[in-house]
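Hey, can you piece these two chains together into the complex? The hints should help.
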Amino acid sequence: MNILVLLRMVPDVVEELEIAPGGKALDADLLRMMLSESDGHALEEALLLKERYGGVVTVLALDAPEVDDALFTALAKGADRAVKISDAGENPTTLEAAYTFAGWIAGQPDLAYADVILTGVQAIDDLDGLLAPLVAHQMRLPYLGIVTRLAVDVPGRVATAIKEYPGGVRGEFDVDLPAVFGIQAAEKPPRYVPVAKVRAAMKSRQIESVPAPTLAEAGPSLVNVVAMEKPQPAEWAAMLEGSPEQVSGKVCEILAGTGLL
Amino acid sequence: MPDPAASVYLGVLGYAWLWAMAMVSFYLFGTRVWRYAGVLRGARPEKRWDRLPERFRRFAAQVLGQQRLREEPLIGLAHLVIFWAFVVYAAGFFWNLVRGLLPFLPVPYADDVRWMALALAGAGFIGLAALAVAAVRRYAFPPPRLEQSPDAAVILALIGIVLVSWLTGWFARPRLPALAIAMWWLHMATVLGFLAYLPYSKHLHLLASPFGVFFSALQPGGMPAPSEGASRRQEFTWRQLFSGLACAECGRCDRACPAFQSGASLSPKMLMHQVKELVRAPSDGAFQPEGIWACTTCYACMSRCPVFNEHLPLVIELRRRLVSQGEIDARLQEALTNLGRYGNSFGQSPRNRAKWTQGLDFHIKDARKEPVEFLWFVGDYASYDPRLADATRAAARVFQAAGLDFGILYDGEQNAGNDVRRAGEEGLFEVLAEKNRKTLAKAKFSAIVTTDPHSYHVLKHEYPAVNGGFRVWHAAELLDTLLRDGKLSLQQTPPGTATYHDPCYLGRYNGVYAQPRRILGELGVGFQEMPRNREHAWCCGAGGGKIWMEDLPPASGPRERPAESRLREAASLAGVDTLVVACPKDLVMFQDAAKTTGLADRIAVKDLMEVTEQAIAPAREKTHA
Chain D
1 MNILVLLRMV PDVVEELEIA PGGKALDADL LRMMLSESDG HALEEALLLK
51 ERYGGVVTVL ALDAPEVDDA LFTALAKGAD RAVKISDAGE NPTTLEAAYT
101 FAGWIAGQPD LAYADVILTG VQAIDDLDGL LAPLVAHQMR LPYLGIVTRL
151 AVDVPGRVAT AIKEYPGGVR GEFDVDLPAV FGIQAAEKPP RYVPVAKVRA
201 AMKSRQIESV PAPTLAEAGP SLVNVVAMEK PQPAEWAAML EGSPEQVSGK
251 VCEILAGTGL L
Chain G
262 MPDPAASVYL GVLGYAWLWA MAMVSFYLFG TRVWRYAGVL RGARPEKRWD
312 RLPERFRRFA AQVLGQQRLR EEPLIGLAHL VIFWAFVVYA AGFFWNLVRG
362 LLPFLPVPYA DDVRWMALAL AGAGFIGLAA LAVAAVRRYA FPPPRLEQSP
412 DAAVILALIG IVLVSWLTGW FARPRLPALA IAMWWLHMAT VLGFLAYLPY
462 SKHLHLLASP FGVFFSALQP GGMPAPSEGA SRRQEFTWRQ LFSGLACAEC
512 GRCDRACPAF QSGASLSPKM LMHQVKELVR APSDGAFQPE GIWACTTCYA
562 CMSRCPVFNE HLPLVIELRR RLVSQGEIDA RLQEALTNLG RYGNSFGQSP
612 RNRAKWTQGL DFHIKDARKE PVEFLWFVGD YASYDPRLAD ATRAAARVFQ
662 AAGLDFGILY DGEQNAGNDV RRAGEEGLFE VLAEKNRKTL AKAKFSAIVT
712 TDPHSYHVLK HEYPAVNGGF RVWHAAELLD TLLRDGKLSL QQTPPGTATY
762 HDPCYLGRYN GVYAQPRRIL GELGVGFQEM PRNREHAWCC GAGGGKIWME
812 DLPPASGPRE RPAESRLREA ASLAGVDTLV VACPKDLVMF QDAAKTTGLA
862 DRIAVKDLME VTEQAIAPAR EKTHA
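Going down the list, the sequences are from chains D and G.
For the first sequence, this note's numbering begins at 1 and goes up steadily by one.
For the second sequence, this note's numbering begins at 262 and goes up steadily by one.
Derived from the structure by calculation, the hints contain no laboratory data.
Glycine residues also receive a C-beta, built at the ideal position from the N, C-alpha and C atoms.
Certain hints may be false.
What the hints assert, rightly or not - With a straight-line Cα cutoff of 25 Å, these simulated DSS-like cross-link-like pairs (lysine-lysine) come out:
1. G:Lys699 to G:Lys616
2. D:Lys203 to G:Lys696
3. D:Lys230 to G:Lys699
4. G:Lys699 to D:Lys203
Stated by the list, open to error - Not close to chain G: a few residues of chain D, all C-beta gaps over 12 Å, as computed:
5. Pro21
6. Gly23
7. Thr73
8. Asn91
9. Ile124
10. Arg140
11. Asp153
12. Leu177
13. Pro189
14. Trp236
Extracted from the complex, chain G is given alone in its bound form (with noise of 0.2 Å):
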């Protein structure tokens, strides 16, 4: 085959035309992605070049080995396939260009080199094969909430032609050169209209997601930086903008989100969607505060998503500034109040907050008048709610038969605040937390405990001036190790079998899931697992704040509340009797839910306290449970 860019067409030289090429999709694809920079330059500033080791091994395992993607098997391996002819194909097409644009460097073009054509020609066929698996899901087996743009079916004839292009002409080489030399432009013209065309589509996340995974989150929860919320392009950080840039919109986030799936005007891809037309075009009202509100802040959205998109900083932004602006729901505001004045969301007296440890028959130390092992942070829900008494009175009666050196801060103790600044309170969550990081200060204890999820992630992640020296436990590690540890003795093997229900600040939030298990097997419990479970399962719609808002009916369709569908799969599972929860928020929505769904007889739902407080019972007494 004759040098393609030395040759002349239609009197010019095949170097000119190239250059021309070049020219033009590098100007329409710099100036889009400069525009683009621009704007991300206006954001707020974000801090992302921390724990840089950390940062290169989440790029290498997720965007080279594209692990979450693969959660998906067919569909993950295709496109790990199909990123890889990429890069090969980009690195041919790259080399060829500058072989072609200056005719003077002494190297051969990419498929003159043997090695370089097999690589491309190897890529190729299973690049096609993989290409073939995607526009067959794509078209005959969709699942639900993918995009089907007609952006979808542009990017895959691309890749399809660029691929083709290139097969056919190394086929066509040795006896149909004239071929060749088209298939050669054909394949240089397809990828250059590729590298214009891509930052006007969703393809941008081909360029953008590998930046977006190396400067992602890394602490857990991804709580974004005190401010005054965001509804405005410059008012949201860089990080916050670029989300919108990565999203493929592969519908992962929708499929996972409980809000969505129950009926809630909230889909995580169209917030996504939002932040990519805001930084295409500064806009007003884009977001629409039902949505915002319907987050119950499961994580599930963030710990799907392929590209690492950032949907619960934007969420938590948003709010802020609805908070800001007094646009809230009244029970939400009423809840607020409340937490100003009496630091609980009760609106009851601070006084009554170890009011439960009233049918105890052992004192309970008060942790800021003498000095304990354990600091037990007992949690707003756990101390006032009625229907959660008997499960913490029976996490203190566990700590005491296990011997552990435990106290109570009495009505010292105010809401931790986690679900406070979840819900966009940040100044008040400010002031929750300062006025507990003083009362802590001023008790002697070497670790907290904690039954609850909300509070534990807090404590632990969000509350650095108290965390500098001691252990946060949540009761389920807790109680895991006086286990492992024989301080407890068990006397009976609790009736029945069990499920468990991760909650989404123990699970996905801090990634506690083998010690609750565990504990159900040292107990000897029957256990069955739920179709969700781990990372994925299903929250109970509380989080967030949520469980003070008003119950909203759903935007579309008569689906189920998520804890509703949550219990129905505990309740299907054949033989299984209990479902088992490690948070008291959880207590409360899945007892809510047995009633609602009237599966009340056939699945209980109790604490993993309660449970083991059953184990530990003389097996002659009846216990209350």
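Same shape as in the complex, but just chain D (with noise of 0.2 Å):
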């Protein structure tokens, strides 16, 4: 079984975030990136379908700043392939990204066959969580999104998933494969990699880097940035400022005051 995992890296938000001048994007320069968390997820029921099912796991990732090391750690947890796709510009847009990593796959023919191919449900920088669905719209190929566990007729190319729906309700689908899925959380929480063994994948494993595929020309965008900014405090916020007992003490006459005390 191939089983191809797309990750993401995105803006690690322990890190303040700043707006880059112009006001339309975050400050680039000040970011540090890391690995989106449900990619992590995703990774892990594609290690844990590997060790259930047999096969090759491939992860693949556009360039980014710490790419490398979000890779190697794939590696060292047990994916047999890293690829990254080199030139796929700088911050490209979730559509931009969905329509690399389909062209990517599209034009390999190891991988076009592709039978499970996992990505995190959502990021922080797509919430909508639309890269999986879009990839699997450009390669004409069912999705399902929110998916908490898989289980794979292998023979039969028949993945069963089972996807969350609020109040606790679970749903059970049969999905022809290939097929993409939106992995919400693995089966287990992700496993930890000893440093030793990332710093082992860094000597003796390779990144295939890899140009990212010619798209067809896309035309001009019909959503534009117009501005982004750090919420400002409005007007009704007012500040409390003292020390802990004197903010505490303002607290409650507040509390007080609107008769909630």
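Here you go:
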């Protein structure tokens, strides 16, 4: 079984985010990038599938700062192949990323029939969860999102996926393979890989760096960023100053004033 | 008495009997010992031939003098007597054996030499008395965790027979030569039997422990060399396996172990036992992960073990293996991931590392940008934990008031890696150490100071490339010097009466006991010692990465956590209202324990630096502490 995992690097929100001059994007110079959390779950699910059914796990990512660390970590965890698309442009939109991923996969004879394509159902810069459905649409493959468990009938080329619904309801789906899945959470929390193994992978393994596929000329973008800004303290927000004791005193006064206390 | 070896028994000469018995005994002894030696030869190598004078000194004090055994005075003395009686009897036995096996030797039997016979008689009598003490203690007043094996009874009986048979023979000589002859043979047969039985019993410690002491770890902390960890026999070093052979199952480690005593599923004694089983037969899965993760690396077991067994290296090797297999607690995984990415376990931005300085009315130098005399390595907890900001600022104010030329590394500092290493993540430790080394190499300073005993220990002993040229001070050592040099002017005596908790990594690991007490004395603080102090201090339970792990309910019984036990100990002292600590982790652990035990009103937990700050504050001003 061929398992392909799409990995995305997203801004690390532990570090403070700053808006770039121009006010339309984050300041890339101050950003630290990290692997999207749900992509880490997609990788874990892929590794679990490999352990259960055998097969080859390929991780695919667009070039970005610190992406090599993420790819070597994936290799150290048990991925068989790591591929980095090198010139996909800086800060591609989800649409561009999806087209680049899909275009590259379609051009690979050995991956064209990737049985299972997994990625995180969301990323902090793709809260709409569009990447996976866009890739699926582009490749004319079925898509299922918010998946928390996968079982595969390898010879029958059918996957059984569990999808979560609100209210604790779960749905079970049969999906013909190949298919794209948006992983909400792996069956188990992503595994820990010791630093020594990551370092060993850096020495002994290779990341295949490949050029981006040539894509059909996209028309003019129909959605444009006007401005990006951090929330400003609005007038109705009062900042309470002072020591913790003074602040808590003021909080009590305000609550008493509104009749809540 | 006729020559027993020259007499004839059942038509066979005594010599022949003796040869036959000796050959059977030595064969059984030799094959077993040879097998153990083979196992040790197949283990990973470990260099223990260095610093020979120190090794001989330790051998003299701990084998010949049995210093640690005498920490429990009564049984320690009894053991010392039995040991020396045994030495005398072993000498007499081998003398007689050689004389008996080789009758042409022109020497008399040991028993026929007056001074030797007197030595044997003297050793026999006081040996029997000591044996009685040992037996009464074992069966009438056994300490907890003493292994009550049938083996122990066999050994006591065998030693008893050895001594009594010789003494009886000695008395019978003049009047009852036949009895004397019988006793001579009983004595020889018992010792030969003992020899054959020895390597199959816990009394192997008699043979193994002198070597164990001689080849014991000399560097503080006993950190094993970098490895990929171990769980199978050939993956351990020979010295690690050797611990299993030297264990006498006395249970001192269990009595000293805060994890065991708080009901966790770790018994250092059982760990030794499992290692012994591993040496006897290769097996897998003898070690329970819950137990391995329960260790706080407090060093109490190792500092108490009379045969210098090395529990901690074993725990660390086993942890390394679990880490390499990814079998770790979810919270520990989160902490290690954070440490790898941000250099701190809190998962905070490195840019926030020096945020605590914001409450100071002076600027702390950036040691990366300007030369300083003391580079203050602040450490993770003191930097990031909001509960510790006051104590960290107190240290800064004390340093400032003493006119110290000091600076910090700001966002350049990373966790020093002490507990990362002891949690078994050797690779991550190397990464952190490498980053710190690079940062330190760029800074200009002449010494390092830290309030954190964990950073102190690892910087002092496990950063060899950095620690070539300068001293690492714990803040307590530095403060002690500053006070003695009159660099701080004391304005008032802090109120109340204090007791002091020795942090594991300052005390047991590095022997810094006097300075903190001297400081409290200088400050004029009323002081009372806790019953468990210095080497016997009770760990707070945070070390070795435990502070990052899930706090599991005890495996057996509703026993209290180490920090709670320790806080109750402090609070039980009449008049004591302050528990003074010298470790950031202690401060959070004990403040937490004060809340969970409901003793927060009874006793306050303060850092040594906070108490000092109180003492140097102008008397009229009300201090915040």
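Was Leu177 (chain D) rightly flagged as not at the interface, with every chain G Cβ beyond 12 Å?
Given that every Cβ of chain G is farther than 12 Å from that of Leu177 (chain D), nearest at about 28 Å, it holds.
Does the claim that Trp236 (chain D) lies outside the interface with chain G hold up, using a Cβ gap greater than 12 Å?
With a cut-off of 12 Å, Trp236 (chain D) remains clear of chain G, as the shortest Cβ separation is near 28 Å.
Does the no-contact call for Asn91 (chain D) survive, Cβ to all of chain G over 12 Å?
At roughly 21 Å from the nearest Cβ of chain G, Asn91 (chain D) sits farther out than 12 Å, so the non-interface label holds.
Next pair to validate is Lys699 (chain G) with Lys203 (chain D); report whether the Cα-Cα distance is within 25 Å.
holds, 21 Å
Confirm or reject the statement that Arg140 (chain D) sits farther than 12 Å, beta carbon to beta carbon, from all of chain G.
Non-interface label on Arg140 (chain D) holds, nearest chain G Cβ at 37 Å vs cutoff 12 Å.
Just checking, Gly23 (chain D) versus chain G, shortest CB gap more than 12 Å?
holds, 23 Å
Hint consistency between Lys230 (chain D) and Lys699 (chain G) [alpha-carbon to alpha-carbon, up to 25 Å]
Not OK: Lys230 (chain D) and Lys699 (chain G) at ~36 Å, beyond 25 Å, violated.
Was Pro189 (chain D) rightly flagged as not at the interface, with every chain G Cβ beyond 12 Å?
Answer for Pro189 (chain D): violated, closest chain G Cβ roughly 6 Å.
Could you let me know if the closest chain G CB is still more than 12 Å away from the CB of Pro21 (chain D)?
Check passes; 20 Å lies beyond 12 Å.
For the pair supplied as a hint, Lys203 (chain D) and Lys696 (chain G), is the alpha-carbon distance within the 25 Å limit?
holds, 19 Å
Just double-check Ile124 (chain D) for me: nearest Cβ-Cβ distance to chain G has to come out over 12 Å.
holds, 16 Å
So is Thr73 (chain D) really clear of chain G, every C-beta pair being over 12 Å apart?
violated, 10 Å
Checked against the numbered hints above, the structure violates hints 3, 7 and 13; every other hint is satisfied.
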